[in-house]
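From just these sequences and the hints, can you work out the full model?
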Amino acid sequence: MTISYEPVTASELLGEYRPGRSSLFSSPQHTLLAQGVGDVVGPAGTLRALEEQVRDAGRLVLGAVPFDDPASAHLVMPERVRWADPFIARPVAPDVPPRPWRITPVPGPDAHLAGVRRALRLLDQGRLDKVVLARSLELSHPDPPDVTTMVERLAARDPDGHIFAVPLPGRRTLVGASPELLVSRSGPIVVAGPMAGSAARSADPAEDRRRAAALLCSAKDQREHALVTQAVADALAPFCRALSVPDEPSLSCTSTMWHLSSRITGRLADPETTALGLAVAMHPTPAVCGTPTADARAAIAEIEPFDRGFYTGMVGWCDASGDGEWAVTIRCAELSQDGIRLFAGGGIVPGSVPEDELAETTAKFRTLMDALGLDERAALAVSAGE
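Final position of the sequence shown in my numbering is 394; the numbers increase by one with none missing.
In case anyone wonders, no lab produced these hints; they're calculated from the structure. On a predicted model such as this, the values are computed, not experimentally measured, just so you know. Heads up, some of the hints might be wrong.
Computed beta-carbon distance windows for the label pairs [to be verified]: (1) D278 with D216: 41 to 47 Å; (2) A211 with R26: 34 to 40 Å; (3) V114 with P177: 38 to 44 Å; (4) D93 with R126: 43 to 49 Å; (5) L259 with D77: 30 to 36 Å.
Ideal placement from N, C-alpha and C gives every residue a C-beta, glycine not left out.
Below you can see the structure in the form of structure tokens.
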């Protein structure tokens, strides 16, 4: 494998990105372009076995791990890796004329509302503390989308997020702009960025500020965030000799959403622990699954009428030294020859209102709707059941 450090910009690397033949991953620290495939990490029955294979390979790997099926993970060892600074300068993305996509919500809005009500009954019965329920939009159009333009528009709107475009088996591509860092390792330093508690942005500045303030003061969202942060800290604690966890969350935002977030930092106790090893120990967090984990997984399998695939899994990279970055695979879409699937979800906790949860998922779809050049008003109407 060749690793290149010549001075290039993130935009220049994006210009060399080729769907199906390369992978792109950008974070607030840097941008990585992986070209060619030297080898592929073989299937593994467990996430721990997958991490051991990556460790034994002794090379940089990049790719995605699904929510609930380790054997379907797709991690490659590229032939060439190139690095650049992050998308700080906000590249100018070209306008995309609205396209008349055919959109099918799965489940439909009424079915999602019913699913949230089922989840609330489980919470009332004391069987769960939290469960995350997702839904998808299935899109079809005679002409395939331009993946490079999608990535450019995602980077233009949310350059501080984790922008990714990685190939999957079956001539599919996983594209997204995740605001949530699962975990990173740089030498002995470990960082996690759990998120829980969300509110849609508003185009009106005064209303936008009001929504942000309301989210920060929301007792329900504060409880949900505390639950997630504690679980992340508990997962990292065995690997760290020092761990710093904020007492209160802070506000962070994307172009479409406000979030409660926390920055957890630690120092590794064992230098042999890799970024992927940490990610495996943490996945799935209550931010994408719920708690207790096993019961939340069972509820998701019972209520959601589709396979999440790579949505709410993890996407990123890990090198031979163990350094790496893994983002939670949210605000994403899976592109194939048959169409596109968009995903969005939200955490259900005591006090959740089904109609509000539907509206939250609808708002979260907007990130990929814009990247695809959808007629957003029509698409949101379909998504919301109007």
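Margin query: Could you work out which of the previously given hints the structure breaks and list their numbers from low to high?
Written below: Hint 3 contradicted; others consistent.
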